[in-house]
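*Asks:* Below are the chains, spelled out letter by letter.
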Amino acid sequence: MLSVRVTLRRRRWLSLAVAVLLLLAVSLIATSWGAAGIPASAVARILLGQGEYPATWQTILFQIRIPRIILGGIVGMTLAVAGAVYQAIFRNPLADPYLLGVSSGASFGAALAIYFVWRFSWGGLNAVSLAAFGGAMLATAAIYSLGRVGGKAPITTLILAGVAIGALLSSATTFFMFTAREAFHTINLLGWLMGSLALADWARIKTIAPYVAIAFGVIAYYSHILNVLQLDEEQAMALGVEVERVKLLIIASASLATAAAVSVSGVIGFVGIIIPHMVRLIWGSDYRFLLPMSAILGGLCLILADGLIRLLFAPRELPIGVVTAFLGAPFFLYLLRRYKKEVFYF
Amino acid sequence: MVLLEVKDVHFSYDGKPVLKGVSLQVSGGEILGLIGPNGAGKSTLIKLIAGILAPQEGAIEILGRPLKSWRRQDLAKVVALVPQGAYIPPTFTVWESVLLGRTPYLHFPGIASKKDIEAVQRAMEWAEVGHLQDKFVGELSGGERQRVILARALAQEPKVLLLDEPTAHLDIHHQVSTLKLIQGLARAEGLAVLAVLHDLNLASSFSDRIALLVEGKVLAQGSPEEVIVADRLHRAYGSGILVMSRPDNSTRPIVLPDLRIS
Chain A
47 MLSVRVTLRR RRWLSLAVAV LLLLAVSLIA TSWGAAGIPA SAVARILLGQ
97 GEYPATWQTI LFQIRIPRII LGGIVGMTLA VAGAVYQAIF RNPLADPYLL
147 GVSSGASFGA ALAIYFVWRF SWGGLNAVSL AAFGGAMLAT AAIYSLGRVG
197 GKAPITTLIL AGVAIGALLS SATTFFMFTA REAFHTINLL GWLMGSLALA
247 DWARIKTIAP YVAIAFGVIA YYSHILNVLQ LDEEQAMALG VEVERVKLLI
297 IASASLATAA AVSVSGVIGF VGIIIPHMVR LIWGSDYRFL LPMSAILGGL
347 CLILADGLIR LLFAPRELPI GVVTAFLGAP FFLYLLRRYK KEVFYF
Chain B
449 MVLLEVKDVH FSYDGKPVLK GVSLQVSGGE ILGLIGPNGA GKSTLIKLIA
499 GILAPQEGAI EILGRPLKSW RRQDLAKVVA LVPQGAYIPP TFTVWESVLL
549 GRTPYLHFPG IASKKDIEAV QRAMEWAEVG HLQDKFVGEL SGGERQRVIL
599 ARALAQEPKV LLLDEPTAHL DIHHQVSTLK LIQGLARAEG LAVLAVLHDL
649 NLASSFSDRI ALLVEGKVLA QGSPEEVIVA DRLHRAYGSG ILVMSRPDNS
699 TRPIVLPDLR IS
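Protein chains in written order, with my numbering: chain A, 47 to 392; chain B, 449 to 710.
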């Protein structure tokens with residue numbers, strides 16, 4: 047029987063290795079996708095530092111496409127990992143990274159910045175990004191403190207506080223959208239709400255990377271505890287987990303990373319909810335494996351989706367959520383039918 | 449040696465008293481059966497001892513040390529709980545589920561040492577789930593799932609084992625084999641076992657001593673033949689219970705519904 051477990055473990059490691067290779071391959075191939083018709087052979091030679099090509103091609107490659115791919119990878123990883131974390135903490139299959147107000151807070155912040163034409167900037171982030179980040183963190187903090195009852199934060203009150211604050215902020219965002227003085231403000235906001243990687247550059251990557259890295263560190267440290275938290279909280283306490291402290295720390299980390307990602311990409315749906323379920327369906331619930339695998343597939347998914355946008359619809363910038371959902375949903379439904387495991391809790 | 453001592457514990461939920469001065473002791477190698485009608489406070493008492501709830505008055509001592517002075521992680525190395533109707537996600541394998549019992553011992557980020565793996569293997573053998581280790585929990589029967597939870601508790605290598613209805617939803621064969629297993633472990637490993645048992649016959653058959661809890665107080669405590677007596681049970685549960693002696697010369701009484709009383 048021991049050999050079967052080794053086989054399951056080996057199957058997981060093999061899958062993870064394949065996924066990493068796939069991520070690298072897709073990232074490389076995606077460098078040749080875009081509005082400017084640079085042939086793949088030229089891209090390959092520029093990347094290898096060979097050949098003489100126009101300076102604009104170099105700029106497009108190193109200042110636009112590569113940062114865009116890296117940012118897409120970071121955002122995709124963040125959403126998938128945060129989604130997995132929220133599903134474990136809230137023991138709810140519908141939990142996504144936006145459950146505790148990150149998206150409604152970020153959207154509200156972005157709406158304020160666009161409506162009032164704020165102009166400040168910091169660390170390569172414009173006012174819209176900064177206001178989105180601030181709005182996301184404030185909304186999450188508000189939901190967490192409103193959801194607390196007698197020194198504890200029960201998951202049901204947290205979720206309900208999230209629903210209420212989310213509705214409040216969304217109505218404000220919609221109000222700003224409809225009353226904007228300029229039509230292009232409305233279009234800007236709408237575009238932001240649906241997510242895009244079009245503004246990717248190195249400065250943005252440098253600014254958000256530390257937040258994401260710290261959050262991933264904390265989450266990785268607690269990967270086994272996330273297994274325990276998938277039981278109910280009483281069982282987790284009986285197994286020696288300081289549930290309230292750990293929950294706060296993990297929620298804060300996941301929200302911080304998501305807020306950072308959303309501030310530069312806008313609200314991208316689907317990745318955070320579907321990727322962790324996909325991994326769970328195929329390889330099981332052990333978060334020591336599920337987290338890295340979700341990160342890799344989340345990054346892969348977003349890079350691929352953004353690449354397809356550039357390849358098929360350039361120069362128009364289609365919202366990235368359109369592609370992730372349009373291609374991802376049927377694939378996920380296929381997995382759901384094929385594996386028919388009892389994934390959903392309760 | 450007394451491993452678990454509960455001294456005059458009071459507890460109320462939102463001002464509504466549930467436990468009104470409960471005292472009991474469990475020694476190593478001993479099974480104390482906790483019986484009593486619904487709502488008597490049995491599960492609450494178990495949660496207090498597991499450190500999930502804190503008593504408003506009175507004291508609980510584990511291995512002679514006040515419960516309050518234990519770090520939660522250290523407490524989980526000596527006290528293990530098999531909760532009532534415990535939930536395990538169906539997409540964990542049995543092996544992964546039992547490994548959760550090693551939580552207080554594991555280091556970053558949950559990598560199992562050789563000692564952890566041995567403890568998990570041993571616990572799975574005791575609970576007879578070793579052959580299921582690579583199945584997903586969602587594929588198991590109710591009885592198998594219950595044994596997985598027991599194996600998880602044993603993987604904690606506890607000194608005190610708390611069981612809340614460990615035989616609920618099991619057929620008679622699995623009820624008997626589970627309790628025999630627990631009895632054997634208590635004897636062999638010197639475990640102090642406190643088990644909430646609804647089935648009075650199982651409580652009578654497998655407990656060394658029994659505590660009868662009624663409305664937050666211990667109505668009687670002692671050997672099965674001292675506690676399982678008709679007038680005590682009638683005071684606790686109302687009439688309609690017949691206490692009889694067993695046909696096999698054991699002194700442990702048995703209990704039947706009394707059909708003469710409508």
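Read the hints as simulated data drawn from the structure, not as lab findings.
Fair warning: this is a prediction, and the values are worked out from it, not measured in the lab.
The reader is advised that the hints may include incorrect statements.
[Stated by the list, open to error] Here are a few chain B residues that sit away from chain A, every Cβ distance over 12 Å (derived from the structure): (1) 535; (2) 538; (3) 600.
[Stated by the list, open to error] Cβ pair distances, simulated, as ranges: (4) 191/A <-> 665/B: 52 to 58 Å; (5) 256/A <-> 636/B: 16 to 22 Å; (6) 187/A <-> 671/B: 55 to 61 Å; (7) 209/A <-> 559/B: 53 to 59 Å; (8) 203/A <-> 576/B: 39 to 45 Å; (9) 328/A <-> 570/B: 28 to 34 Å; (10) 559/B <-> 218/A: 55 to 61 Å; (11) 233/A <-> 559/B: 33 to 39 Å.
In this text, a Cβ means the ideal position worked out from N, Cα and C, and glycines have one as well.
*Asks:* Quick one: which hint numbers does this structure break? Sort them smallest to largest.
*Replies:* 1, 2, 3, 4, 5, 7, 10, 11
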